[in-house]
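Since the structure of chain A is provided, determine the placement of chain B on it from the hints.
Residue numbers (my numbering), protein chains in the order written: chain A, 43 to 206; chain B, 560 to 1338.
None of these hints come from the bench; they were simulated from the model.
Take these hints with a grain of salt, some might be off.
[Unchecked claim] Restricting the straight-line Cα-Cα distance to at most 16 Å, the calculated cross-link-like pairs of lysine to aspartate or glutamate (EDC-like) are:
#, chain 1, residue 1, chain 2, residue 2
1, B, K596, A, E74
2, B, K1334, B, E1203
3, B, K596, A, D113
4, B, K715, B, D665
5, B, K666, B, E718
6, B, K655, B, E697
[Unchecked claim] Covered, in the sense of this in silico footprint (three residues per stretch, anywhere, with C-beta under 8 Å from a C-beta of chain B), are these stretches of chain A:
#, stretch
7, 117–127
8, 137–149
9, 171–182
[Said to hold, decoys possible] The following label-pair restraints were derived from C-beta to C-beta distances:
#, chain 1, residue 1, chain 2, residue 2, range
10, B, R1208, A, G98, 50 to 60 Å
11, B, D665, A, R51, 53 to 63 Å
12, B, P799, A, E160, 53 to 63 Å
13, B, A1145, A, G54, 49 to 59 Å
14, B, S1175, A, A196, 45 to 55 Å
15, A, G76, B, D627, 17 to 27 Å
Just so it is clear, CB atoms sit at the ideal spot from N, CA and C, and this is done for glycine as well.
In case you want the letters, here they are:
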Amino acid sequence: MTTRDVTIRVNGVEHHSTTETRRTLVDFLRDELGLTGTHVGCEHGICGACTVLVDGEPVRSCLMLAVQAADASVETIEGLGTPEELSPLQQSFRDSHGFQCGFCTPGFVMTALALLRENPDPTEDEIRHTLSGNICRCTGYQSIVDGVQRAARAGLGSNAEVVR
Amino acid sequence: MTAPATVGSTRTVGSSTLRIEDLRILTGRGRYVDDVKLPGMLHAAFVRSPLAHARIVSIDVSAALALDGVAAVYTGADIAAKTSGVVPLVVPEGHKFEPILALAVDKARFVGDPVAIVVADSRYVAEDACDLIDVEYEPLDAIATFEQALDPGGPKIFESLDSNVLFEMDSSYGDVDGAFARADAVVRQTFSQHRVAQMPMEGRGGVGDFNPETGDFVYHTGTQSPHTVKAYIAEALGIPLQQTRTINGDIGGAFGLKIACHREDIAVCAAAYWLGRPVKWIEDRNEHLQSSGQAREERMELEAAVTSDGTILAMRGELVLDQGAYPAVPFVGGGIVGMVAAMMPGPYALAGFAMKSTVVASNKCTYSAYRGPWAVETWARERMIDVVARHLGLDPGDVRLRNFAPNDGSASMLSGRTLLDNSCAQSLERVLELADYPRLRREQAAARAEGRCVGIGFATFLEAAPGPVNRAGGDERSVARIEPDGTLSIFTSQAPHGQGHETTLAQIASDEMGIALRDVHVYHGDTAVSPYAMFGTGGSRAATMASGSVLHSTRQVKEKVLAIAGEMLEVGPQDLRIDEGFVYPAGVPSIRVSLAEVADRAYQSPEDLPREIEASLEAEASYDGGIGSWSDGTHFCHVEIDLETGQVRFLRYLVVEDCGRMINPAIVEGQIRGGVAQGIGEVLYEWSAYDEEANYLAGTFMDYLLPTASEIPTIEIEHLANEPNEEVFYRGVGEGGLLIAPAAITNAIEDALSPFGATVTEQYLPPAKILELAKIISS
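One chain only, chain A, in its complex shape (with noise of 0.2 Å):
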């Protein structure tokens, strides 16, 4: 069993550990952290459950190893808002009853995310572009897109996600 020591800043606090170098960085979050709001959907780079950003890029972090990581700035759901306080994005999400199951939502949510940062008044087409590397199966996507239109409209520029 091959490790090595990392450091890797998730949500803003820095962890030193020492990992094999073969596990992904989904179940590095996952397993070594209990940050298990990152889903694992297909191991294989399509669905999207996965996604978490990576020095602010969406990554599939079921395709990337922990150790690819190592002195990045991981940013996942558990970095966003709380049950008691939803960050404005999460709370829009809530207000067009954007998700059913749940299993894919971190993922999008981390990838609506870094569209809104990137174009905080994107239209329906490029909405749905950005989000068709994320597959929810209960949905249908029109209350997702509507999610991210609401939250661009509510004016989430790039700061508005505060992650801590």
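Relative to chain A, chain B alone:
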């Protein structure tokens, strides 16, 4: 404190109340089965057959057992020696099956059949060990097609059964022969429905946890049927039912797949039981695609007896369903074909209907329930109506309207159920009006003149949700309880997995009790506290059945509250009202006690109550569905086909439906849109493909294509606001969207391709098939 000004001002039923579940799922605080972590937990992985049909000659597990971190390897021999086979629960008479063991013993019967289970310190090590297990197979000829399965000379999948034909059933209603004898024409067509899969974003999984000290066994999982899974585990392992418990957390979708107890559930529980340590299994997507469950592989040869004015006198047909190798528990293929035959007459006034149904086994994954399991009848019937209309040169809307049974309460389906309270004709007329149908037809003619390929299709469905008076699925139970702090707990036998029952059932209870929604908590999915149900969430039962049960259990508790509050306020209970958690005399809101004070009296100082008043604030109620009725509607689809690429683009997708009174319109619409999206996927993208030797061909999401936000159009929905005629008039909407969307879409595609003489007889229409139907490429 100021009492509420308006009684009933806080009612939420009928409004798109925000979901309670969203607070945790949007923040990553949901708890799905893979989030369960127990002390000392081990991890399981399965060795699966790469062959469709093969004798297992030998299994060498020595290298796997020698690997550091491996706790155990169990093969079919261990399972056969130490567990009992389980049998389906709902089996029509004469349906053949063998008791089902968790692992393949002598033979593997499909690609993905579990052959051994490895338990190790981590999933990584468990998978390493799987690679070290050497299984020697002797390949056998496989059954991959209906023809092979129906051939009496073919290889037998189960040697103890005399053939691969498992069940045959003849259903006949009305005067079929007479109707065919007087028909002006008989229209024949064969409709084939390809194999697809439910494909929830969360696969299957579970954590078995046996406590050798107490003998208690707990299975943490995500099942639609907690009590049924519990019973199967107890039976298979030979442990007492009362010491067995299943616990759901959040469930990442199911769509019928997770109504079954799966063989892997039993293998994982057996490993945990034998090892005395928690064992977790989380299926990966490849396992899910090949081994979890698949649905909908049916073929229907159908003929319709019609008159030249478009009256459909009768239909008769032959149906064959490919059940795969192992039957699902609890529901086998014979139950599905029974539903198909019973539902197929639909809302139409036929004089005769007959169906000869056959269930066969093949070397494929288990056929399992999928959102409207009887859907082939809706698709074939609604396709046939369009084929009839084209044959007779009539408009498909006119043919439907001509054939709808009268909706004055007098009509019944030939197969027995009353058609009372359906809105099929109304929904069709309304959707054509919304679409401006005559104008669209004119525009279509103009578009065709320009060389564009544009099609219009629509279709009408009935969804038994729960259907008229039907106790076949069991009554639905719930328990309501006012807690010591005055909040209301509801314990339901539903096992929600996206339907928002924590919200909708709380809405029902909140309105009935007169308590704020935030003070209602819905508990589900734990057999230690959830009332019994044969199956939990499925069959579109919740809206009527669970709501009715919660309404009545809450009402009974309310009576107990009023009796105690009446003593406290010295007012007769009949003169009391409850609003926002306060009990007060009607018209005098300033004199009041809170539910917390009532609870305090009942729980902490019952000595202050007269002996004849029970100090209980809990009640269980069961609900049988009342008179029950239909959900129904018509879907309308306008498409344009690109004849260079074969791609289908949706110009408009419209739904007009009637599900009675809505508890939460946003949740209703989410169910409908999700179903339509699955229907679009089913027709255009998804196929659980096998080759002619039953090799599985769709093992990744690059082969099994799911529609994304780029492929699913905006789906417009209008609800018909028919007046409810009884108190519990909420109808389920879980299945209707997927039931009918394939018919509306394929009708539109056939309409678009009609200038090329195309008839859509197969439901799967990927671009190559579209171009073939347009005679641009050959098959």
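Cross-check of the supplied hints:
The straight-line distance between the Cα atoms of K596(B) and E74(A) is roughly 12 Å, inside the 16 Å bound, and the hint therefore holds. Proximity of K1334(B) to E1203(B) is assessed by CA-CA distance (about 12 Å); at most 16 Å being required, the pair is judged to hold. Using a Cα cut-off of 16 Å, the hinted pair K596(B) and D113(A) is violated, with the two alpha carbons roughly 28 Å apart. Distance check on the hinted pair: K715(B) and D665(B) sit about 14 Å apart at the alpha-carbon level, within 16 Å; holds.
Distance hint between K666(B) and E718(B) is fulfilled; the C-alpha atoms sit about 10 Å from each other, no more than 16 Å. Between K655(B) and E697(B), the direct Cα distance comes to roughly 26 Å. Violation of the 16 Å bound is thereby established for this hinted pair. Judged by the Cβ-Cβ criterion of 8 Å, the stretch 117–127 of chain A is covered by chain B as claimed, because 7 of its residues qualify and three suffice. Interface restraint, the stretch 137–149 of chain A with chain B: holds (11 residues with C-beta to C-beta distance below 8 Å; minimum three).
Under a criterion of three residues with beta carbons nearer than 8 Å to beta carbons of chain B, the stated coverage of the stretch 171–182 of chain A is upheld, 11 such residues being counted. Between R1208(B) and G98(A) the C-beta distance comes to about 34 Å, which lies outside the given range of 50 to 60 Å. In this structure the hint that D665(B) and R51(A) lie 53 to 63 Å apart at CB holds, the actual value being about 54 Å. At roughly 58 Å, the beta-carbon separation of P799(B) and E160(A) lies within the given 53 to 63 Å, and the hint holds.
Distance hint check: the CB atoms of A1145(B) and G54(A) are about 55 Å apart, consistent with the given range 49 to 59 Å. About 48 Å separates the C-beta atoms of S1175(B) and A196(A), a value consistent with the hinted range of 45 to 55 Å. Separation of G76(A) from D627(B) is about 25 Å and conforms to the stated range, judged on CB atoms against 17 to 27 Å.
Taken one by one, the earlier hints fail for this structure at numbers 3, 6, 10, listed in ascending order.
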